[in-house]
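Chains as they are written, first to last, in the UniProt record's numbering: chain A, 1 to 388; chain B, 1 to 388; chain C, 1 to 388; chain D, 1 to 388.
Derived from the structure by calculation, the hints contain no laboratory data. Take the hints with a grain of salt, since some may be wrong.
As the list claims (entries may be wrong) - As a list, the in silico BS3-like pairs of lysine-lysine whose alpha-carbon atoms are at most 27 Å apart:
| no. | chain 1 | residue 1 | chain 2 | residue 2 |
| --- | --- | --- | --- | --- |
| 1 | D | Lys-236 | C | Lys-236 |
| 2 | A | Lys-208 | B | Lys-236 |
| 3 | C | Lys-204 | D | Lys-204 |
| 4 | A | Lys-116 | A | Lys-8 |
| 5 | A | Lys-102 | C | Lys-116 |
| 6 | C | Lys-116 | A | Lys-31 |
| 7 | C | Lys-70 | C | Lys-102 |
| 8 | A | Lys-70 | A | Lys-208 |
| 9 | B | Lys-102 | D | Lys-31 |
| 10 | A | Lys-204 | B | Lys-204 |
The model shown is predicted, which means the values in this text are computed figures rather than measured ones.
There are 4 protein chains.
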Amino acid sequence: MTDPAAVKAALKTQAVETPSWAYGNSGTRFKVFAQQGVPRDPREKLDDAAKVHEFTGAAPTVALHIPWDKVDDYAALAEHAEERGLKLGAINSNTFQDDDYKLGSICHPDAAVRRKAVDHLLECVDIMDATGSRDLKLWFADGTNYPGQDDVRARQDRLAEGLAEVYERLGDGQRMLLEYKFFEPAFYTTDVPDWGTAYAHCLKLGPKARVVVDTGHHAPGTNIEFIVATLLREGKLGGFDFNSRFYADDDLMVGAADPFQLFRIMYEVVRGGGFGVESDVAFMLDQCHNIEAKIPAIIRSVMNVQEATAKALLVDREALAEAQRSGDVLGANAVLMDAYNTDVRPLLREVREDMGLDPEPLAAYARSGWAEKIAAERVGGQQAGWGA
Amino acid sequence: MTDPAAVKAALKTQAVETPSWAYGNSGTRFKVFAQQGVPRDPREKLDDAAKVHEFTGAAPTVALHIPWDKVDDYAALAEHAEERGLKLGAINSNTFQDDDYKLGSICHPDAAVRRKAVDHLLECVDIMDATGSRDLKLWFADGTNYPGQDDVRARQDRLAEGLAEVYERLGDGQRMLLEYKFFEPAFYTTDVPDWGTAYAHCLKLGPKARVVVDTGHHAPGTNIEFIVATLLREGKLGGFDFNSRFYADDDLMVGAADPFQLFRIMYEVVRGGGFGVESDVAFMLDQCHNIEAKIPAIIRSVMNVQEATAKALLVDREALAEAQRSGDVLGANAVLMDAYNTDVRPLLREVREDMGLDPEPLAAYARSGWAEKIAAERVGGQQAGWGA
Amino acid sequence: MTDPAAVKAALKTQAVETPSWAYGNSGTRFKVFAQQGVPRDPREKLDDAAKVHEFTGAAPTVALHIPWDKVDDYAALAEHAEERGLKLGAINSNTFQDDDYKLGSICHPDAAVRRKAVDHLLECVDIMDATGSRDLKLWFADGTNYPGQDDVRARQDRLAEGLAEVYERLGDGQRMLLEYKFFEPAFYTTDVPDWGTAYAHCLKLGPKARVVVDTGHHAPGTNIEFIVATLLREGKLGGFDFNSRFYADDDLMVGAADPFQLFRIMYEVVRGGGFGVESDVAFMLDQCHNIEAKIPAIIRSVMNVQEATAKALLVDREALAEAQRSGDVLGANAVLMDAYNTDVRPLLREVREDMGLDPEPLAAYARSGWAEKIAAERVGGQQAGWGA
Amino acid sequence: MTDPAAVKAALKTQAVETPSWAYGNSGTRFKVFAQQGVPRDPREKLDDAAKVHEFTGAAPTVALHIPWDKVDDYAALAEHAEERGLKLGAINSNTFQDDDYKLGSICHPDAAVRRKAVDHLLECVDIMDATGSRDLKLWFADGTNYPGQDDVRARQDRLAEGLAEVYERLGDGQRMLLEYKFFEPAFYTTDVPDWGTAYAHCLKLGPKARVVVDTGHHAPGTNIEFIVATLLREGKLGGFDFNSRFYADDDLMVGAADPFQLFRIMYEVVRGGGFGVESDVAFMLDQCHNIEAKIPAIIRSVMNVQEATAKALLVDREALAEAQRSGDVLGANAVLMDAYNTDVRPLLREVREDMGLDPEPLAAYARSGWAEKIAAERVGGQQAGWGA
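Just need the whole structure built from these sequences, with the hints factored in.
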């Protein structure tokens, strides 16, 4: 798709879901640094998310986290979103912050704790019904810290049983997205540690179950684009949690640590049919803005995804296929690098102007006065954070 | 199974397959250091393997590598083995040392190269028919070195197609063991890089296809025992290629780098039903003795597996289950560590004495004069190595 | 030192410092699980530490963390310790939990923040004067999350300047122990990321400055015993922060993840003159007991260090040297492994009995009723934790 | 230096040394794939290197490897080079391919082997005298494969002693560049495993000793630009061995795996005064072109270094410093990314045209017919490779 007009048309359809919790405070185990103007409730999170969409035109939905975003009236929350040009997106469960979950949730040795965890997941589906969300996104902190602590295999049995009950509850058009993570907060075993484990469970559950790739959740050196290509080939890629990392699950802005990797991932997405209006792959951010201003960081992240996508779309696939067929290692690599080395920012400025947006989202946001406004107005109350 | 008599009985049934190529020279890309007395043909490799079995009583089969061990008359080779108390084991294919395989074998972009590779695999099944081997062990060096070099997904299609043809050729009682490897010799993508990929292919192929876990073929930090437990749960663990590593695929003696990890792996094997006469999991060594004497290193490796297995068998599983059920993190860990911290060498000396063996295999081998004999006799000719 | 009597005598001199903060609550960024009976002030932490020493005989000092252990009267605190058979140990600074430190402390771009950080370090030396502590232990969370965020080299200049001012303040017999850490909480650069950086700074500061090796603060695959041997050779090893890890800075119990590595480290300590009454190397724990009971975990950790040390002392160094001299790779390895494979628990039971202790510290602690007592008595107030 | 004219002027001075051995065959332990037209002697290697310089204008020197490039008459070899517009560069020693070096060279337990190794290094200095080379580049494969195999600390003593003797032999204007490597071919300890060890030795040797950073020789996740900044600050950065890697020491083309990392490294070089006519930092390639055509791969590598350097020079350092000073995390990152995201290929085409070169070196080389010529002419004889 090296026709710039087609690339631009494709880019105009791009949508990146932002997570409600990224607008709140976050940090490390050492310290959470509070920021000025941070939202104090789900509506204020949506207000901020609306700004990201207003200036990028590419962030039309917002993922919720239960119970952090629990409200009495989800219809009213959805209306609040819609008034701001947004829709509510995936529902994310939380089975890691109750005291009961010290040794796990859905994999816990005690059936009562497992019951509680599954009930929470079922409640999340109820919320999906209310919000009209398509996706239930499941990340389990379950695991063990010490060899012998629990029976690795029995935990898989419990996991399978719990997931099956939730899967049965899904309605038509609803999906279960299962996330894997290499480690943290568990430090010896993690019950869904890699794509293979998530894939095996999804396969047994059925077609509504898909794997989520969080780009920060892999062992050092893992080739993530290979996993993406494989899951697309298997019809089991549900979506992405985008972020970037140098070390572990650093949760930095997507594209900040290794923009070439992000490009390679997006190339496999495009090549594998995962991009575009026909695809149901979900593109979501899942980041922590511990020290940088949150809204501009999220705008920057959306732009980074756009830039990587633009480069991926610019790859001359015919030339690439020809070089690959003929075994021209350097030639094939050069075709890919030619797209990567292109400065796509002018193209994206045009895309934005075509969409009636300011070509420079960050500058436009800075001029908008929103940051000053929320710092002045959001005083008192409890700032949102992982524990709230 | 904390009854010492039962543990001893179980240990007497243990069998570890040794690979013919470990008796030959090996090295790194920088240098292959030749050793005195190295075998010059498959029969001399079997002669050495017989010594390992003679002194350990636990290495009754020998894996062959085609074409390194190609002979005109496999029945005669099998007879040579049997005269020495051995049987021929798995047949290992080689699709990485012909010039044609520079860009891959079964995944190569050129159909003619793929045909050649598949034909080689079919020939290996022919050899299995001749040797009576149960297992065809497949490791593919296939992959790419540079982004864009080839189409990641198309390579999976080619892989699936080639494997399917070979699978169809398998006879009753024959199996295909598919090995995965994180990287090397390919340095960007590897076509079977992780257990998930191997598992997905085996699942589609059918019940005769199983995954092989090479303990050196994982990303840093990967929890191998988790993979073992998972594959056993799925009924898809075919066997092990044992070795150990500090960094990459170092191919050091099993148990040399992290004996605690080996114990944890063997514990999951035992717990998951992968050990004992009812199990068809294959235990094989796959190591390189670049600087240490080869036969003693292999004897030591067999002993290391025995020691880890003995400790795994000694775990007080009732006490462990009780501590796990009650959420006693430290108590459960202590049960496991109690077995690990036990010095099982006296127990294994008893096992050997019961079997009519010298309790100290390495000392007995040293006294046997075999090393001096082969150094004196195996003069002239071409020493076996990876290229021979 | 394969004379068991000499080994036992050496073991009786062993001392492992426990950290006050390990008795308080800790967790991950996802959740801190509170435990019953956790201390609410420095005195209660000392009360718990006294129990560890009472049952192990090997934990006679307690490290303090400022400001978490700030008190009005350090002499009274020291007296509280001494009444329980303890002494106060190293003073640990904290320059990572004030809001001012969001972008660093001693390396911060703003001179006012650097001034505040250095003043805190100077205050810690004042406290050392009051407590009679020998060691100021410095760990800096300083670093950056994004490329370009700050000037990497200028931060080193600021670090050198700040350390120099603190070094000048040290009295006779006082030392500065500089800790390095691979990453976290900074996720792009860390200002003291490796032993080389810590060493280079200590070298310029002078003989009172030494490097601290935290066993969890290295890149995957790093050979820690090599670093220990090198620092001992350079006369720059100040001490250890012991813990263990499978992935990142997991802060599990020392010896829990890789007991063979702990043994190899202790062997280099012994071989390099770092163990025994003539050595001034400090052995400290620095762990997080997020899900396991804290006091028993600390007792277990002290025991793990003792067991690794016992094995290290049991190495037949003459036989080892002879095998090394003759290039006997397998023989030399076997000498080391022979010590490692020895079950030293009977020996340590004897050591404890000789010292008038119960041979089984964990069982004795469990019987003591202390856990029940503190759970019942320590009600109300604020449990100690990283933020308190 | 955001003035394009100044950037172009700086780029015209850039020189990247190419290694003679990269023109020969290389491979992995599994297979060396021979290529057509590969040089058969040092002169043919220089002929190929001359082509790289002819088309890039940026590769004026060639590093030699002894004994691979041993000749009777170095003056004649130098004249051969000069006739082709080249100069001979660094002399690289080889103490890893003689059978004597199985257990090490300069660190070997046997003094006779150490003597042989040191004599080889002294011979390399003799050759430097003959070639007029400034730099002796030392990489030692020394290390151990098994715990206990040798005395880690004694090996450091031997290393120090050997290096000191060679250092003493250096003439005025000659330097010793000491390379470190994380692992391979040694798989347990490596005697110079990290920059800290190399730095400590260089510090004691004196001002002529400097550290070489090979970009592929680090633990996973290591921040290489931090090391570069630190070594420049200490005045101890001797130079680079450029290549790239996804996993271990993959020796792929520089910039192929992580072009953003290469940019960050070059930014620290520029910022730390390591680039330009006043700097004596050496920029060298050290790569293996196992499957791709060698000369084009080397041309591409030189271009990749140029592109990263151009981007580094384009960083608006005033704007960056201002953002850093004010703690503007996103703003500072954006200044850096703005340079990185620039397509510098047009600028480099101008640089080449100004220098009288074809703006597209790879296309020009392809048109030159050199590849066909050497494939036709270099028939018979022994192709150069690591063992030749």
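Verification of the supplied hints:
1. D/Lys-236 to C/Lys-236: 20 Å, holds
2. A/Lys-208 to B/Lys-236: 24 Å, holds
3. C/Lys-204 to D/Lys-204: Holds. C/Lys-204 to D/Lys-204 sits at ~14 Å (cutoff 27 Å).
4. A/Lys-116 to A/Lys-8: 48 Å, violated
5. A/Lys-102 to C/Lys-116: 38 Å, violated
6. C/Lys-116 to A/Lys-31: 18 Å, holds
7. C/Lys-70 to C/Lys-102: With Cα atoms ~22 Å apart, C/Lys-70 and C/Lys-102 stay inside 27 Å; holds.
8. A/Lys-70 to A/Lys-208: Distance ~25 Å between A/Lys-70 and A/Lys-208 Cα, so the pair holds.
9. B/Lys-102 to D/Lys-31: 9 Å, holds
10. A/Lys-204 to B/Lys-204: Within the cut-off at roughly 14 Å; holds.
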